[in-house]
Amino acid sequence: MLDVSQLDADEVRHILATAAYFREINSRPVKKVPTLKGRSVVLFFAEPSTRTKTSFDMAGKRLSADTFALGKSGSSLVKGETLKDTALTLQAMNPDGIVIRHSSSGAAQFLAERLDCSVINAGDGRHAHPTQALLDALTFSRQWKGDFAGKTVLILGDIAHSRVARSNVILLTKLGAKVRLCGPRTLMPPRPDTWPVEVFSDLGKACQGVDSVMCLRLQLERQHAGLLPDLREYARTFGLGARHMKDAAPGCCILHPGPINRGVEIDSDLADSAESLILEQVENGVAVRMALLFLYLTRKSPEASQAMSPSGMPE
Amino acid sequence: MPEKQKKLDLAVRGALWFGPLKNAAKIGKAARTAGKGALRGQLVDVLVARGKIVALTPAGSLDLRAAHEVEAAGRVLLPSLTDVHVHLREPGQEYKEDIASGLAAAAFGGFGNIMCMANTKPVNDTASVTEFMLDQARRSWPAGPRLFPIGALTRGLKGEDLAPMAELAAAGCRAFSNDGRPVVSTELFRRAIEYAQDLDRIVIDHCEDPFLAPAAGMNEGVVSSRLGLPAQPNVAEAIQVARDVLLAEYLGAPMHLAHISCEKSVALIRFAKARGVNVTAETCPHYLTLTEDEAGGFSALAKVNPPLRTRADVDAVIEALSDGAIDMLATDHAPHAAHEKEVEFDEAPCGISGLDTALATTWELVRGGRLPFDAFLRAWTTAPCRRFGLPVNTFNPGDPADFVLFDQDAQWVVDAAGMKSKSKNTPLYGRTLRGRVAAHFLAGKTVVGIETAGA
Chain A
1 MLDVSQLDAD
11 EVRHILATAA
21 YFREINSRPV
31 KKVPTLKGRS
41 VVLFFAEPST
51 RTKTSFDMAG
61 KRLSADTFAL
71 GKSGSSLVKG
81 ETLKDTALTL
91 QAMNPDGIVI
101 RHSSSGAAQF
111 LAERLDCSVI
121 NAGDGRHAHP
131 TQALLDALTF
141 SRQWKGDFAG
151 KTVLILGDIA
161 HSRVARSNVI
171 LLTKLGAKVR
181 LCGPRTLMPP
191 RPDTWPVEVF
201 SDLGKACQGV
211 DSVMCLRLQL
221 ERQHAGLLPD
231 LREYARTFGL
241 GARHMKDAAP
251 GCCILHPGPI
261 NRGVEIDSDL
271 ADSAESLILE
281 QVENGVAVRM
291 ALLFLYLTRK
301 SPEASQAMSP
311 SGMPE
Chain B
1 MPEKQKKLDL
11 AVRGALWFGP
21 LKNAAKIGKA
31 ARTAGKGALR
41 GQLVDVLVAR
51 GKIVALTPAG
61 SLDLRAAHEV
71 EAAGRVLLPS
81 LTDVHVHLRE
91 PGQEYKEDIA
101 SGLAAAAFGG
111 FGNIMCMANT
121 KPVNDTASVT
131 EFMLDQARRS
141 WPAGPRLFPI
151 GALTRGLKGE
161 DLAPMAELAA
171 AGCRAFSNDG
181 RPVVSTELFR
191 RAIEYAQDLD
201 RIVIDHCEDP
211 FLAPAAGMNE
221 GVVSSRLGLP
231 AQPNVAEAIQ
241 VARDVLLAEY
251 LGAPMHLAHI
261 SCEKSVALIR
271 FAKARGVNVT
281 AETCPHYLTL
291 TEDEAGGFSA
301 LAKVNPPLRT
311 RADVDAVIEA
321 LSDGAIDMLA
331 TDHAPHAAHE
341 KEVEFDEAPC
351 GISGLDTALA
361 TTWELVRGGR
371 LPFDAFLRAW
381 TTAPCRRFGL
391 PVNTFNPGDP
401 ADFVLFDQDA
411 QWVVDAAGMK
421 SKSKNTPLYG
431 RTLRGRVAAH
441 FLAGKTVVGI
451 ETAGA
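Line order of the protein sequences matches chains A and B.
Mapping of the first sequence onto this note's numbering: residues 1 to 315, in sequence order.
Mapping of the second sequence onto this note's numbering: residues 1 to 455, in sequence order.
In isolation and in its complexed conformation, chain A is listed as follows (with noise of 0.2 angstroms):
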């Protein structure tokens, strides 16, 4: 799983419906199941993370995987070392699926290109974030009831430097929904004329109509590279605030893929009011990584994914 561009749309609606039964599964007293009881997982995050990581170990545990954090610091075994000889060691210890995070695009790509297992990539430099991009389109899904044909999400803020934005962009589209980008020049992607989205500059322009925004983490070193003259700027010009959603479509919804900056890419109020759903994207990152977990770790043996199909799982 290196990026959604890999998935037609309907491989991502199965992966959503599988995701929308582990939810379920989720909001029962008891959460465990043990779908991949002897598998193993490694969780391999070479950059920080708090929340992609607790949501892939939590995804895990509760499918009964064993699930082994890795990190870059503090380890002996990345220390010096190179990614490729990180893969080696890794593969030599016979892990079901390895999740990674890293800082260097196309880094997810590399080490699948060394490995047997299944490797999922939770976020690679710029380029992509794909189990963001599905438990954004889960979030979209609940909420528009599965039909994403006609809506229009702005994505909004750091596009060049995102991730979130790349991932999201292709998948939307894929399912039928229109994307509008919206930032200042110096945080759009190169070409963006390449892309299948509309640009604007003016944020009171790009939300007319707008059936969501999602707002991006705006890095705050990127003042320092020269790209902003300041935050307050920043926020005057393309923090999202109530006066935008007014001429939203009504039911506009608030995403963001946290950690939120508060009062700069988004107004505070306004992360917490009743359009944002912020705290159920948290919830469906959890029921979406189960998916996927679930999906390529049970995928090269079809009878045991047959016998394990997520509707016929013991209680």
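I should point out that these hints are in silico values taken from the structure, not numbers from a laboratory.
Some hints could be false.
[As the list claims (entries may be wrong)] DSSO-like mimics (lysine-lysine), calculated; alpha carbons at most 30 angstroms apart, straight line:
1. A:Lys145 with A:Lys174
2. A:Lys37 with A:Lys72
3. B:Lys420 with A:Lys84
4. B:Lys121 with A:Lys84
5. A:Lys37 with A:Lys53
6. A:Lys72 with A:Lys61
7. B:Lys445 with A:Lys84
[What the hints assert, rightly or not] Pairwise CB distance ranges (calculated):
8. A:Leu88 with B:Gly297: 19 to 29 angstroms
9. A:Gln208 with B:Gly297: 35 to 45 angstroms
10. B:Val184 with A:Arg236: 32 to 42 angstroms
11. A:His224 with B:Lys121: 43 to 53 angstroms
We treat Cβ as the ideally placed atom computed from N, Cα and C, and that holds for glycine.
With the hints as your guide, set chain B onto chain A.
Here is chain B on its own, set in the frame of chain A:
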């Protein structure tokens, strides 16, 4: 005829020559033609005495026996190529390449003269490093290929102080460059050009504005946008080309621009040449044949600086090379060990190992009619040799007998067995190329023999 009094040392019979044959009429024998389409040539004999060309004549027209007779059997005759831009890594990084292995790649790649850049460890900024390089070359390949070191323009390539260019020139440095580490201070760069002028040496500039973009080895455009990779826009190169040609004009100094990769730079070079600026430019085989799409799967083998550009850039560069706006070809041979390239894209060093594949890939353009044979010859032989004062063979009597017999239909695989360079870092790795050097003679001496070729 005067040739009859000479004792011939070498005669190569029945080679296929696509260039002009000046003395065919004088001899009164029509040459037999061979080949097809745009590439229609004549079968010729090459006669050599005391390391020099005696005659290039229609095959069988002169009945003179030589001490060493070679049957070319219709292989293509080419003058040895000259490469004014290679990195041989010795001293300091011999695990990537050393002078002996670099010269081997040159010999088997068809190159008779190569100019090596100064970014060794230590940097070639003292006479002792230059002399060491020349010694290593003489020891490993005494008959050539000939090595002509390029001295550092600034001490340690740091861009802070001028290198001792007079000392370096006296030791054998043929030109000066800060290749790989562009001189960001335009004032210092100006002084370096002026200083080199007194030494009758040309400054070679690696055109890149490092403030505009880091040396990412990836073109800023559609592919970098999709992959989320840091990238260099083509203007990072073109801005520096503009600076350089304006400086060259202002100072009345010669300037050579390294590895031109994009249309914008070509336009500026045309502008400068139209104004009479003493500027020459080179491009590399990979900018004629590959695009940014090569890096589409995060392949670090396609990471090179300047980066592979777009199809439109490739077309503009081929056109410029064909009409002479870009004067010459060079490989920018940049060997890196396998473990250095087998890392995340953004961690990998920039560079392509090029000496082994340059002739085959550029000949493919000639064969396909995209690059005229004349332009091919100029770009690999006369233009670089005349610009930098190196020996050149135009097959006129008295020219150095440096030439290649090229088996244009021989197929070979670009891999560890097919390459002589220590490093196999090329996006062509694993592909099959057509065209291979069957024999190589320098000053009439065999450096690659027909019997050893393909070994």
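So does A:Leu88 sit 19 to 29 angstroms from B:Gly297, Cβ to Cβ? Cβ of A:Leu88 to Cβ of B:Gly297: about 21 angstroms, so the range 19 to 29 angstroms holds.
Do the alpha carbons of B:Lys121 and A:Lys84 lie within 30 angstroms of each other, as the hint requires? Measuring from Cα to Cα gives roughly 27 angstroms; hence the hint holds.
Are the Cα atoms of B:Lys420 and A:Lys84 separated by 30 angstroms or less? holds (26 angstroms)
Is the hinted pair A:Lys145 and A:Lys174 satisfied, with a Cα-Cα distance of at most 30 angstroms? It holds: about 17 angstroms lies between the C-alpha atoms, which stays within 30 angstroms.
Assess, step by step, whether the Cα of A:Lys37 is no farther than 30 angstroms from the Cα of A:Lys72, and give holds or violated. holds (27 angstroms)
May I ask you to test the hint 43 to 53 angstroms on the CB atoms belonging to A:His224 and B:Lys121? Violated, since A:His224 and B:Lys121 (Cβ atoms, about 33 angstroms apart) do not stay within the stated range.
Taking 30 angstroms as the top limit, are the C-alpha atoms of A:Lys72 and A:Lys61 close enough? holds (22 angstroms)
Holds or violated: are the alpha carbons of B:Lys445 and A:Lys84 at most 30 angstroms from each other? violated (46 angstroms)
Check whether the Cα positions of A:Lys37 and A:Lys53 lie no farther apart than 30 angstroms. Holds, because 20 angstroms separates the two Cα atoms, which is no more than 30 angstroms.
Can you let me know if the beta-carbon spacing of A:Gln208 and B:Gly297 is within 35 to 45 angstroms? Cβ of A:Gln208 to Cβ of B:Gly297: about 39 angstroms, so the range 35 to 45 angstroms holds.
Between B:Val184 and A:Arg236, does the beta-carbon spacing fit 32 to 42 angstroms? holds (36 angstroms)
Checked against the numbered hints listed earlier, the structure breaks hints 7 and 11; every other hint is satisfied.
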